[in-house]
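Those protein sequence lines, which keep their order, are chains V and U.
According to our numbering, the residues represented by the first sequence are 1 to 494, in order.
According to our numbering, the residues represented by the second sequence are 1 to 494, in order.
The hints are simulated quantities; they were obtained by calculation from the structure and are not laboratory data.
A couple of the hints might just be wrong.
Using 25 Å as the maximum straight-line C-alpha spacing, the simulated DSS-like pairs for lysine-lysine come out as follows [what the hints assert, rightly or not]:
hint, chain 1, residue 1, chain 2, residue 2
1, V, K374, U, K34
2, V, K192, V, K487
3, U, K310, U, K446
4, U, K364, U, K310
5, V, K192, V, K97
6, V, K437, U, K310
7, U, K446, V, K374
8, V, K374, U, K27
9, V, K192, V, K32
10, U, K364, U, K34
11, V, K97, V, K31
12, U, K364, U, K27
It should be emphasised that the depicted structure is a prediction, and the values quoted were computed from it without experimental measurement.
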Amino acid sequence: MIDLLIIFPELFLLNAAISLLVYGVTFQVEKKTILSSIGILSLCSLFLTGLLLVNQPVNFSNFFFYSCIIDNFTFFFKITIIVSSFIVLLMSRKYIKETRVYAFENLILVLLAVSTMMILVSAYDLLPLYLAIELQSLCFYVLAASKRNSEFSTEAGLKYFLLGAFSSGILLFGFSLIYGFTGMTNFEDLAKLSYTQIFLDSQMPLSMTIGIIFIAVGFLFKMTAVPFHMWAPDVYEGSPTYITAFFAIVPKIAILGVFLRLFDLSLHGFFDQWETVFVLSSLASMLLGSVAAMAQQKLKRLLAYSSIGHVGLMFIGFCCGTIEGVQALLIYIVVYMIMSCGLFALALCLQKNDNEDSETQFVQSISQLASLGKTNPILAFTFTIIMFSMAGIPPLAGFCSKFYLFFAALSSSLYLLAFIGVLTSVISCFYYIRFVKIMYFQTETMSLKQKSFSTISFESSAVLAMVGIFLVFFFIYPSPLFLWTHKTAIALCF
Amino acid sequence: MDYLLIFVLLFPLFSAFLLLFFPDQSKKHQLLIKNFALQSSLINFIASLFLWVGFDSSTAKFQYMSAFNWFSSLASQNEPIYGSSFVIGIDGISLFFVILATFLTPVCIFVGWSSIQRYVKEYCIAFLVLETFMIAVFCTLDLLLFYVFFESVLIPMFIIIGVWGSRERKIRAAYQFFLYTLFGSVLMLLAILFIFFQAGTTDLTILLTTDFSEKRQLLLFLAFFASFAVKVPMVPVHIWLPEAHVEAPTAGSVILAGILLKLGTYGFLRFSIPMFPQASLYFAPLIYAMSLIAIVYTSLTTLRQVDLKKIIAYSSVAHMNFVTIGLFSLNAQGIEGSILLMLSHGLVSPALFLCVGALYDRHKTRILRYYGGCVHAMPIFSVLFLFFTMANISLPGTSSFVGEFLILVGVFQSNSFVAIVAATGMVLGAAYALWLYNRVVFGHFKAPYISYYTDLNRREFVMFFPFILGILWMGITPNVFLDPIHCSVANLIQ
Numbered sequence: 001m002i003d004l005l006i007i008f009p010e011l012f013l014l015n016a017a018i019s020l021l022v023y024g025v026t027f028q029v030e031k032k033t034i035l036s037s038i039g040i041l042s043l044c045s046l047f048l049t050g051l052l053l054v055n056q057p058v059n060f061s062n063f064f065f066y067s068c069i070i071d072n073f074t075f076f077f078k079i080t081i082i083v084s085s086f087i088v089l090l091m092s093r094k095y096i097k098e099t100r101v102y103a104f105e106n107l108i109l110v111l112l113a114v115s116t117m118m119i120l121v122s123a124y125d126l127l128p129l130y131l132a133i134e135l136q137s138l139c140f141y142v143l144a145a146s147k148r149n150s151e152f153s154t155e156a157g158l159k160y161f162l163l164g165a166f167s168s169g170i171l172l173f174g175f176s177l178i179y180g181f182t183g184m185t186n187f188e189d190l191a192k193l194s195y196t197q198i199f200l201d202s203q204m205p206l207s208m209t210i211g212i213i214f215i216a217v218g219f220l221f222k223m224t225a226v227p228f229h230m231w232a233p234d235v236y237e238g239s240p241t242y243i244t245a246f247f248a249i250v251p252k253i254a255i256l257g258v259f260l261r262l263f264d265l266s267l268h269g270f271f272d273q274w275e276t277v278f279v280l281s282s283l284a285s286m287l288l289g290s291v292a293a294m295a296q297q298k299l300k301r302l303l304a305y306s307s308i309g310h311v312g313l314m315f316i317g318f319c320c321g322t323i324e325g326v327q328a329l330l331i332y333i334v335v336y337m338i339m340s341c342g343l344f345a346l347a348l349c350l351q352k353n354d355n356e357d358s359e360t361q362f363v364q365s366i367s368q369l370a371s372l373g374k375t376n377p378i379l380a381f382t383f384t385i386i387m388f389s390m391a392g393i394p395p396l397a398g399f400c401s402k403f404y405l406f407f408a409a410l411s412s413s414l415y416l417l418a419f420i421g422v423l424t425s426v427i428s429c430f431y432y433i434r435f436v437k438i439m440y441f442q443t444e445t446m447s448l449k450q451k452s453f454s455t456i457s458f459e460s461s462a463v464l465a466m467v468g469i470f471l472v473f474f475f476i477y478p479s480p481l482f483l484w485t486h487k488t489a490i491a492l493c494f
Numbered sequence: 001m002d003y004l005l006i007f008v009l010l011f012p013l014f015s016a017f018l019l020l021f022f023p024d025q026s027k028k029h030q031l032l033i034k035n036f037a038l039q040s041s042l043i044n045f046i047a048s049l050f051l052w053v054g055f056d057s058s059t060a061k062f063q064y065m066s067a068f069n070w071f072s073s074l075a076s077q078n079e080p081i082y083g084s085s086f087v088i089g090i091d092g093i094s095l096f097f098v099i100l101a102t103f104l105t106p107v108c109i110f111v112g113w114s115s116i117q118r119y120v121k122e123y124c125i126a127f128l129v130l131e132t133f134m135i136a137v138f139c140t141l142d143l144l145l146f147y148v149f150f151e152s153v154l155i156p157m158f159i160i161i162g163v164w165g166s167r168e169r170k171i172r173a174a175y176q177f178f179l180y181t182l183f184g185s186v187l188m189l190l191a192i193l194f195i196f197f198q199a200g201t202t203d204l205t206i207l208l209t210t211d212f213s214e215k216r217q218l219l220l221f222l223a224f225f226a227s228f229a230v231k232v233p234m235v236p237v238h239i240w241l242p243e244a245h246v247e248a249p250t251a252g253s254v255i256l257a258g259i260l261l262k263l264g265t266y267g268f269l270r271f272s273i274p275m276f277p278q279a280s281l282y283f284a285p286l287i288y289a290m291s292l293i294a295i296v297y298t299s300l301t302t303l304r305q306v307d308l309k310k311i312i313a314y315s316s317v318a319h320m321n322f323v324t325i326g327l328f329s330l331n332a333q334g335i336e337g338s339i340l341l342m343l344s345h346g347l348v349s350p351a352l353f354l355c356v357g358a359l360y361d362r363h364k365t366r367i368l369r370y371y372g373g374c375v376h377a378m379p380i381f382s383v384l385f386l387f388f389t390m391a392n393i394s395l396p397g398t399s400s401f402v403g404e405f406l407i408l409v410g411v412f413q414s415n416s417f418v419a420i421v422a423a424t425g426m427v428l429g430a431a432y433a434l435w436l437y438n439r440v441v442f443g444h445f446k447a448p449y450i451s452y453y454t455d456l457n458r459r460e461f462v463m464f465f466p467f468i469l470g471i472l473w474m475g476i477t478p479n480v481f482l483d484p485i486h487c488s489v490a491n492l493i494q
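My request is simple: use the sequences and hints to build the entire structure.
Spelled out as structure tokens, the structure:
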């Protein structure tokens, strides 16, 4: 009974999703209105879940027979997940209305995915971890292919499904090897085992190493890190933008959270085995992310490559294996989440009215942003701030997160990673400031009518304003985030 | 009185914030905005003069100190608390740079009075924000914050060059400016993080008492050097400067030559020399060699340039390398001379850029061959231009002479060969400056090219006046400026 009380937020969200589904199916005659009311209701349920989470009576507990856990660490990730998905849903309201795809099921799938991701973060055993990953991936396969009349979306869904299923298979194989060798699936048991004398003295059995590497590979697939990133740009581009925004931001947080626990807690004894994998992948991701994005013309593809680069940077924190590393990673996650929310808010709200009759067009290629500085100066200014912050120029928030990451890397002697990280963040400046160039510097070649963008919705502008204010002023008083992440990192390691 | 420095630091930012709420449509509003920006920057200038009045020149301690906790992390339990705080304060070295920054900002706003027609509000905001950043660079006593502000200058400057620059090539120039500086300074970031890791703090007053092992000093010095050498600029990495100068608007050149070039030499003086004394001694020959090459090479390059601004930009390179020679002579005369030359160059070079700006505003070209015989059309201008040209070749009685003389005296004590070669720079300087003046002012009036001419108007004349005053004052009674510097420099070289 107490266990159910502990996962009350998740249960609430699950129930809310099911009730909304019933409501939607029952009243789906009026498709347009039902979509908007379900949108509002899902926002409300996310908000209430957040409230429940904050006011949870139990702070630390193992439950469901030690297969799940809640502590400060899960709290951090759950809050981040809830907040980011709330923001994404909030800013995609207009997009959903404009694209005229009246599928309210998408929103319900999003809610389901959020609730499973919350369970995923709580996973304290290999089995719930795998089950939760599968559940949220299933939601995303459906979501990616949801625009049925678009070839791109179908292709994206197919690719995402094939590669996602493949990576889950790899992950499962890794788990089974670990289980087969040790006979245990619980994180804590594994942690105890990994520090026993057998592993410290004698050499590692091969099957254990292979198992860990398979898990790492499955994880890299899910995180779109470099050798296994092939699907990301296509899927990002093909899926409807708000779905892209959703699975570019939220699942990464959740998966990073649970694997942080798996690797840095239970498999920490095997640090030598998995560190190399992540160091190599981090190097490759940073390099590819910065170089490949330079050649992109499409907004969403560029965001995909830029997120690959950022994942590479996050892995720096992963590789440290210290509390500082974890803390730096957490800070990075929060700042990155906010920055990408801002970027996607822009991608979701910018439309061009080419002419009055035809359907409004969302901005797809970067060059369409030309002269945004003239038509929407405040929007362009916010966008500039976000871009400079992404590039890590001080004094914006992106810089603060990067510098702490490099600090952690230097203090655990990962000199090469820090050096390449710094170098690639300079290279990536090229394409981040290209946006600024396009918006402000270029002389206009288009007529006034072509230039005009439709006004952005209230929700998007609120999101953008908050993002901008956060990025500018974070630098002045970063202590709360630093302390919070520090507490979280401590909760992981002890 | 103690809060004066905070006031000087934050007041421009505050007025920039107020400016956000001004409307920007009609001519009348634009005038209001300009007036407001000019007056607030003038108030700031006057406030900064009070810094000088209240300055106690009998001590080497930092004055007007104030500190706020910025962030701290209790990362490792056994080690000291890592943290950084906003520590600001000025000593004799930074006092005049703060005043120079507050002096040049109203000039920048004034020079754009009639030539800036679009984005007026943004223009004023950019300069006011830039002013805060510049003052912050000079008065922060924290290594990390120094880096932050050193870099954040890039954002407004990038926008100033890109938006209000005159030609299509400006985009390239803005990119070059941005990326050169960034490439140089990321190495410094790594070095700072390393110092942070070793010493547990980035507070300068504590770092000055920290000993670094000799091998480490060499590496750290080189990392800092990579960043400062770009900013100075030393010879292999000076390409960005002529480009940025030529493409920037007049006010941008004023700031670039007046303040931003001083950031590198100020960094050497404030951080490299006192923190890494052995490394400074070790690398002094390298810096001598690079600076000598720069002086001779850029002076010769100047002879064959046809763009007015490029000529003055190259002459800035030559002067700044004079400064580095003086700094690394590592004795009191050399360092005081170089501080004085920095200040003097901060007056002379902006004044010359204002002259070129005045020509450009009238004739919309900067190519030398279209000019000639200006004395027939613009007598007042010709007189002023002569005065500043003479100051640029350091005629006795002007400020540059005192600076260069002290530098040569200082350098002669440590390495007489360097002094001899550097002295040829003065001859070459006279050659190009006089030849430039000759070609612009003397000779026949080139009527086919220049059909419209007026002499300086009152606004421009008023603008030049404080420069003349400063140059003469500093040249005739340099002790007024040297007195506050003595103690700090003596303390520095101990």
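Hint check results:
| no. | hint | result |
| --- | --- | --- |
| 1 | V:K374 - U:K34 | holds (20 Å) |
| 2 | V:K192 - V:K487 | holds (23 Å) |
| 3 | U:K310 - U:K446 | holds (22 Å) |
| 4 | U:K364 - U:K310 | holds (16 Å) |
| 5 | V:K192 - V:K97 | violated (52 Å) |
| 6 | V:K437 - U:K310 | holds (24 Å) |
| 7 | U:K446 - V:K374 | violated (39 Å) |
| 8 | V:K374 - U:K27 | holds (18 Å) |
| 9 | V:K192 - V:K32 | violated (55 Å) |
| 10 | U:K364 - U:K34 | holds (23 Å) |
| 11 | V:K97 - V:K31 | holds (11 Å) |
| 12 | U:K364 - U:K27 | holds (23 Å) |
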